[in-house]
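Q: This is what each chain is made of:
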Amino acid sequence: MTDTAQLSRRPSVLRMADGGIHFDGVKAVDGVTLEVRSGEVLGLIGPNGSGKTSTLNLLSGMLRATSGRIHLDDDDLTRSSMRQRVQRGVVRTFQSGRVFGRLTVAENVEAAALGAGSRRGPARRLRDEILDELNLGAVADTRADSLTAGRIRTTAIARALAAKPRFLLLDEPAAGQNETEAVELITSIRGFARRRDCGVLLVEHDMSVVMGTCDRLHVLDSGRTVVEGEPATVRKDPRVIEIYFGKRH
Amino acid sequence: MILEFLISAVGLGALYALLTIGVALLFGVLGLMNFAYGEIILAGAFAMYLFRDQPWLVALLMAIVFAVVVALLSERLAFHPLRNADPVTLMIASFAVSLAIQSLARMTVLPRTRGVAPEDFLAHRVDLLGADVSVLDLLTLALCGTMLVAVAWMMGRTSLGIQLRAAAEDFQMASSLGVRANLVIPSAFVTVGVLAAVGSAVLVARQGAVSADMGLQPMLIGVVGAVLGGMSSLKGAALGGFLLGAATALLESLLPTDLIAFRDAFLFSALIAVLVVRPQGLLSGAKVRVS
Chain A
50 MTDTAQLSRR
60 PSVLRMADGG
70 IHFDGVKAVD
80 GVTLEVRSGE
90 VLGLIGPNGS
100 GKTSTLNLLS
110 GMLRATSGRI
120 HLDDDDLTRS
130 SMRQRVQRGV
140 VRTFQSGRVF
150 GRLTVAENVE
160 AAALGAGSRR
170 GPARRLRDEI
180 LDELNLGAVA
190 DTRADSLTAG
200 RIRTTAIARA
210 LAAKPRFLLL
220 DEPAAGQNET
230 EAVELITSIR
240 GFARRRDCGV
250 LLVEHDMSVV
260 MGTCDRLHVL
270 DSGRTVVEGE
280 PATVRKDPRV
290 IEIYFGKRH
Chain B
38 MILEFLISAV
48 GLGALYALLT
58 IGVALLFGVL
68 GLMNFAYGEI
78 ILAGAFAMYL
88 FRDQPWLVAL
98 LMAIVFAVVV
108 ALLSERLAFH
118 PLRNADPVTL
128 MIASFAVSLA
138 IQSLARMTVL
148 PRTRGVAPED
158 FLAHRVDLLG
168 ADVSVLDLLT
178 LALCGTMLVA
188 VAWMMGRTSL
198 GIQLRAAAED
208 FQMASSLGVR
218 ANLVIPSAFV
228 TVGVLAAVGS
238 AVLVARQGAV
248 SADMGLQPML
258 IGVVGAVLGG
268 MSSLKGAALG
278 GFLLGAATAL
288 LESLLPTDLI
298 AFRDAFLFSA
308 LIAVLVVRPQ
318 GLLSGAKVRV
328 S
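Top to bottom, those sequences are chains A and B. So the mapping is simple: this note's numbering equals the position in the first sequence, first residue as 1, plus 49. So the mapping is simple: this note's numbering equals the position in the second sequence, first residue as 1, plus 37.
Accuracy of the hints is not assured; some may be wrong.
Label-pair ranges, simulated between beta-carbon atoms [unchecked claim]:
(1) ASP255/A x ALA115/B: 38 to 44 Å
(2) GLN209/B x ARG244/A: 26 to 32 Å
(3) GLY295/A x PRO118/B: 53 to 59 Å
(4) SER237/A x LEU287/B: 54 to 60 Å
(5) ASN121/B x GLY74/A: 25 to 31 Å
(6) ALA187/A x PHE132/B: 27 to 33 Å
(7) ALA122/B x ASP255/A: 38 to 44 Å
(8) ASP181/A x VAL186/B: 31 to 37 Å
(9) ALA187/A x ARG143/B: 46 to 52 Å
(10) PHE305/B x ASP177/A: 44 to 50 Å
Keep in mind the hints are simulated off the structure, nothing from the lab. Glycine included, each C-beta is placed from N, C-alpha and C at the ideal position.
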């Protein structure tokens, strides 16, 4: 009945406990506790300035937490650099993509696979597999700086996948796309994350995009947790309704 | 006559392109405007002088060893500790390295200019399709051309090249993706050392002499060629260097004898004209790094 492969491997957890950071006295993130489990997609939502990207920066090591701790299973990552976290499998993308513009799409992905320690042959196999999965085959030999904004973001995701993430932190991967495209992209991300048993933290501000694609939602406002739970429950939460739609008169 | 001219013009173009990508490579990867490049060439040239009685190929190999060692030492001792410094600091540090090596050479092994007798085989002239061509011109063309192709292949096709270009574009991003800075940066310096050594072997054969300040001119050619072509792309830099060399050869054969002394004045006037129209260089993209 039970899948022995599933049983033998305990799911991993990336966890931030009571994490916070302040800039010049302003608390951008204030005592947030959240965890991402392998194989699931956790949506991190909230209005602009609510601390979503800062939370992602704390988890990825772009920023160091001024309070709280970050663990990957039993490993304390609180003081680890971004690079050390990538080596542990915590990989992020940037809103702007930050792809290597003068490299082709294929080279962008290959560079990350090589960086993750693959030798040339396996790196190229992984590259082709990922390009195929994200429908980037047609632009594989196109320079990244001549792509559309949407393709640039997809390339950035492909590159992050080549780094063999156990946890993938995505900063608004679907920004600038319409709702259908956004849902399509996130659904495909969800698919490969499941297959690779990879956990995904998805920063997104559009409620309708995350509803059908995330397993759980974590809502932030002014740097604090408002509520966490299943999408259907969260949507009905009066505090969330107030944040998103304003107070009902 | 035409073929003769073409071979010497293309040869000089290839040599200048070689000098130029040596400058552009470090600028691209590290944001390092390396004025000590001339002294890496000096190290190679000194080896050519030191091993002048050995077979030419042995001297060339030793030039590569000397130049690579100096390139790596300058990285270790001067540029490594400044890895996160801004480009201006790096540039000034490279001035210091340049002057230090040059002074050291002048105080110790090269207090004055030393002659290096030209190799017999280089002085020969051969008949090629009816044209009378010097072996030195042919060798310049073959050697520099081979090096350019080799560097293009390394940068374009190999795992190291992909990582080098990724690091050149966004060092922090590449490094956070696990691209090893400690592999990529020294290998860029090794490449520069090899390029400089081949350049120095050709320069020594053409000039027949070695002196402590001989690196200045090729370094300037490299910088000017790189600026002309566009600092942010290796292809552009190589093109800039090539055009500079070919234009030099062209001016030399076209200018009346009493104007040849002013060759560089014509050359650099043309360069200024090009930069007025395209300040970012011929092949550079939108991203321009001024400092």
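Q: CB of GLN209/B to CB of ARG244/A, is that within 26 to 32 Å?
A: With Cβ atoms ~30 Å apart, the hint holds.
Q: Given the hint of 38 to 44 Å, check if ALA122/B and ASP255/A actually sit that far apart at their C-beta atoms.
A: holds (42 Å)
Q: Between GLY295/A and PRO118/B, is the Cβ distance one that fits in 53 to 59 Å?
A: holds (56 Å)
Q: PHE305/B and ASP177/A, beta-carbon distance inside 44 to 50 Å?
A: Given range 44 to 50 Å: holds, Cβ gap about 49 Å.
Q: Assuming the hint says 31 to 37 Å, is it satisfied by the Cβ distance from ASP181/A to VAL186/B or not?
A: holds (32 Å)
Q: Verify the CB-CB distance for ASN121/B and GLY74/A against the hinted window 25 to 31 Å.
A: holds (28 Å)
Q: Do SER237/A and LEU287/B keep their Cβ atoms within the hinted range of 54 to 60 Å?
A: For SER237/A and LEU287/B the Cβ distance comes to about 57 Å; the hint holds.
Q: Go ahead and decide if the range 27 to 33 Å is satisfied by the Cβ distance of ALA187/A to PHE132/B.
A: violated (48 Å)
Q: State, for the Cβ atoms of ASP255/A and ALA115/B, whether the hinted interval 38 to 44 Å holds or is violated.
A: violated (51 Å)
Q: Between ALA187/A and ARG143/B, does the C-beta distance stay in 46 to 52 Å?
A: violated (59 Å)
The structure fails hints 1, 6 and 9 (numbered hints given earlier, in ascending order).
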